[in-house]
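Sequence order for the protein chains is P and L. If you read the first sequence in UniProt numbering, its first letter stands for residue 1, the second for the next number, and so on. If you read the second sequence in UniProt numbering, its first letter stands for residue 1, the second for the next number, and so on.
No lab work stands behind these hints, which were simulated from the structure alone. There's no promise every hint is true.
Partner residues aside, some chain P positions facing chain L, computed with beta carbon under 7 Å [said to hold, decoys possible]:
1) Gly14
2) Asn57
3) Gln60
4) Glu149
5) Leu151
6) Gly404
7) Ala407
What follows is a set of in silico ranges between Cβ atoms, one per label pair, in the way DEER data are often shown [stated by the list, open to error]:
8) P:Thr200 - L:Glu265: 36 to 42 Å
9) P:Ala23 - L:Thr418: 28 to 34 Å
10) P:Ala479 - L:Trp200: 40 to 46 Å
11) P:Val66 - L:Lys137: 37 to 43 Å
12) L:Lys354 - P:Lys114: 54 to 60 Å
13) L:Asp342 - P:Glu204: 40 to 46 Å
14) P:Lys114 - L:Trp200: 32 to 38 Å
15) P:Gln18 - L:Gln127: 23 to 29 Å
16) L:Leu350 - P:Val66: 56 to 62 Å
17) L:Ser239 - P:Lys114: 32 to 38 Å
18) L:Met158 - P:Arg446: 26 to 32 Å
19) L:Gln428 - P:Thr200: 24 to 30 Å
The beta carbon of each residue, even a glycine, is placed where N, CA and C say it ideally should be.
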Amino acid sequence: MQFWNHIIQVASLGTGKQQADVAEAEESLQPALQRINDNNQIDHEERFLQIVALAFNYRQSGASLVPDEKTSIEIASPEEKTYCPSAALYLLSEIIDAESNGLLEIWLNVCAGKGFIVPPELIPSLFDIASQNKKLQTIIAKCCGKRGEWLISFNPDWKFSTSESDEEIWNTGLAEQRRLVLMEMRTTDPAKARQLLEETWDKEDANTKALFLSVFGNGISEKDIDFLDKLKTEKSKKVKELAFALLKIIPASSVVREYVQILQQALQVKKEKALLGLVSKNVLQIQLPQISSSVFETGIEKLSNVKELSDDLFIVQQLMAYAPPSEIKSMLQLSYEEIADLFSHQSPSLLTAFGTAAVRFKDLDCFRVVVGKDKNTFYTDALHLLPPADAGDYGFSFYNSRTGTEAVSERNNLINAITAAKVPLDEAFSVAVVEHLAGNMYIHNRKFFSTYIHLFHPAMINAVDKFQPKEQYLQSQWANMGDYIKHLMQLRLQIQSSFIHKP
Amino acid sequence: MQLSEEQILSLAPDESSKKNGKALATLSKWVSKGANERALWGECQGSGSKPYQTQVDLSTTSFKCSCPSRKFPCKHGLGLMLLYAKDKLSFTDTTMPGWVDEWIGKRTERQEKKETEKEKPVDEAAQLKRQKAREQKIADGLEELMLWMKDVVSNGIMNIPEKGTATFENMGRRLIDAQAPTLAGMVRTAGNINFYAEGWQSALLDQLSRIYLVATGYKRIETLDPMLQQDIRTLIGFSQSQEALLEQTGVNDHWLVLAKEVSEEDNITTERYWLYGLHTQQTALVLQFIVRGQGGQLTLMPGACIQAELVFYPSVLPLRALIKKQIASNDTTSPKAYKDWDEVFEAQALNFSKLPFKGYSPYIVENVRPVLHNQQWHLQDAKNCLMPLKKTFDNIWLLLSLSGGDYTTMCVIGAEKTFTPLGMWYNQTYKAL
């Protein structure tokens, strides 16, 4: 190698300036080199070319390696679980090709649920998917068994890891990883999550603080009030607003207490005679007391921007949306039905605010009463409050009630809301959605179906052929879309059975 | 022939063809379909009014489709084969329709014609005259090549990166004029070295050495061993008659397809199939050149095994071969592997002693495992010797996952002290990487 380096040096400068020194070569090579050097029948450029050719072959034929005892690799632990049946693996590759993360999640859950793991050749591609889809990381790690646990540590791109504790990730992870830890911990152990956040709060920048507060609503309770109260004096306007928004969903917080107190002074129900004194009816009287300016710093607006809505009613409506319905009930000494009746006759905007509060404070009884009276508002957040089947019924009944020029966009919004909330659609709703989408092809693309196919009823397969766009030029596109939808649904229907071992 | 999905997908020209082919592997896409021992066919409803007629000759895995795609095989061919692999029983029709019968008939006829065609009488005097004229042209070209090489070493190679590739291209063109096309390619290869990468000087001197050895070898070709003469003539650019080669008796074996390498230059796709004879332990390289828009005749799937008679091009180290006859095989004989890197080096040295300008070759070596050393992946043998993997190797995670850190038998390709894994044995089955 030393002689080869010498040759490179000579070749770099050129034989016009320097000649190869044979003495630099290994002893065994010298006799042959000397014969070349002694050949006077060729010029010194050709002699050099011959020396290069000889040294090149000497080098390439004499390759060797020195043992390195220190370098080693830990061997992956043996698997404790069984590999998936081949039918399931075949289906997995089809699902990956269809780019449906919805189906992939179902497949992975069934795989993990049945105690199977994927074979080693699939682990790298699943880890690549996991690195792009944080939601799938835990379940993918679970399906990759001991081999996956072992492999993950070698690739820095697969930063997600099951071996690190939440505290470790919280202390050393990226902002997004820490947000996920906080979100998860707020569901399982809200107090511990709050403690972690309080410990590092002063070291975080405003954007990171806002990021963490955006998931602090999980598991929120009155135990969080002290911490959130301290944030009222934060420098960042965004952080302050988020802190107020969180305080406004805790019934015992000073903000909500103050709102309730104002409402208590502002609202009065009086009985009035009607129909020549034969019946009496409730009448709501609104008289706003003097409101402290601090209330308006909590996000309450002073002026209405709707002509038909007075400023006082506008303020009451905003306060009502943040007052626990049970407190309004005892304040007015009326049942939910009576309150809903009163609001719907006298001030429908108050009924909507009352319904919003019912959803916000998770008062299902109150919500059901309000929905019975308020047919024009769709309470999107209620989809998370209601049991899945009821949420589907609620969505479908609202969907069916939409008519007129706005119906298409309202239905689109509703489809988006209901799928985003992961509410499963029953047969009738699924068919109705397919009919709607066939008539409005460009609004929901393949990505929509690949993401949400698991929410639809299998009956949609037949509906795809039954409905089609009115425009002829769209019909072949819908046919392609239909094939894709059917393919996705067929994949979904095969998932469970593909895991059954066939002899 | 029973092919796996993985094997069929390895035939796809690109990722989108794989994806589209898979999407067509559903019953609803095919208006009609059928299969028998010789062929596979189907009519696929595309965007046109008439369905596309897709057919596969199973004896050679050759495709034909009436679709306008320039890809080969097209998504319809892949989709049909995937559907057949997935749902063989749905191919109930065994009688070839007219359009399939016609194509298969023509193929058989062409094959028979090739086999029976007698060579036309050759005008030997004219042939000799042409040969002498060519030899003179080559001799003149080699004279110029020698002068050029001497000029390069005399002036020094330090300034070559600044000068660019023009000097190599000009010399290459001169050798094309001198009817030495392969040698011209060797000169152009020298010009394609990355002059901004570390170690370019060594790579350039290596290539200049090979060129010098071939050029000087040709000058005294009469003094060389007849087989070595063939190697030199091949590297100058004399072509071999494939028809004449196919008339010779070949090597019968069960050949494992180790890998398929694809490269494209000037609208010509070159497919390099590396094969390994399970019983003869012979390595073979089968080349296929495909002009864009035309289909190749040969399709071999990495990991598959074929029983075939291979005719090797004459050489002191026979490697390049033609497939004379082939049928599918399920032979799972274990390969005879080198025990460690020292044995690979010994085999390498022996090969270089016979053919000093030979290119890279595959080697099967047992008891190796991937390890990380100085931030670079290596293959460690049982003696703890570390062979660095080529930095461009991008399938390390799959290799690592399959190995689990344990020793296994691998097939690597390369020369000297840099190798790239082509595949490995996992649960007694070869997995191409």
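Hints and how they fare:
At its closest, the beta carbon of P:Gly14 sits 3 Å from a beta carbon of chain L; the interface hint therefore holds under the 7 Å criterion. Taken as an interface hint, P:Asn57 checks out: its beta carbon lies about 5 Å from the nearest beta carbon of chain L, inside 7 Å. Checking P:Gln60 against chain L: minimum C-beta separation of about 5 Å stays under 7 Å; hint holds. At about 11 Å, the closest approach between the beta carbon of P:Glu149 and any beta carbon in chain L exceeds 7 Å, and the interface hint on this residue is violated.
For P:Leu151, the interface hint holds, since its Cβ comes within 7 Å of a Cβ in chain L; the closest pair sits about 5 Å apart. Annotation: P:Gly404 was flagged as interfacial toward chain L, and the flag is violated, the nearest CB pair being 37 Å apart, outside 7 Å. Because the smallest distance between the Cβ of P:Ala407 and any Cβ of chain L comes to about 33 Å, over 7 Å, the interface hint for this residue is violated. Taking the beta carbon of each, P:Thr200 and L:Glu265 are about 57 Å apart, not inside 36 to 42 Å as hinted.
At about 30 Å, the beta-carbon gap between P:Ala23 and L:Thr418 stays in the expected band of 28 to 34 Å. Here the CB-CB span from P:Ala479 to L:Trp200 is close to 56 Å, at odds with the stated 40 to 46 Å. Take P:Val66 and L:Lys137: their Cβ atoms lie about 49 Å apart, and the range 37 to 43 Å is violated. The supplied range of 54 to 60 Å is met by L:Lys354 and P:Lys114, whose beta-carbon atoms lie about 57 Å from each other.
In this structure, L:Asp342 and P:Glu204 break the distance hint of 40 to 46 Å, their C-beta atoms being roughly 58 Å apart. At about 55 Å, the beta-carbon gap between P:Lys114 and L:Trp200 misses the expected band of 32 to 38 Å. Between P:Gln18 and L:Gln127 the beta carbons are some 49 Å apart, a value that contradicts the proposed interval 23 to 29 Å. A hinted range of 56 to 62 Å for the beta carbons of L:Leu350 and P:Val66 is inconsistent with their spacing of about 22 Å.
One distance hint, 32 to 38 Å for the beta-carbon pair L:Ser239 and P:Lys114, is violated here, with the actual separation near 60 Å. L:Met158 and P:Arg446 have their C-beta atoms about 57 Å apart, which leaves the hinted 26 to 32 Å range violated. The beta-carbon spacing between L:Gln428 and P:Thr200, approximately 53 Å, falls outside the hinted interval of 24 to 30 Å.
Against the hints set out earlier in the document, violations occur for numbers 4, 6, 7, 8, 10, 11, 13, 14, 15, 16, 17, 18, 19.
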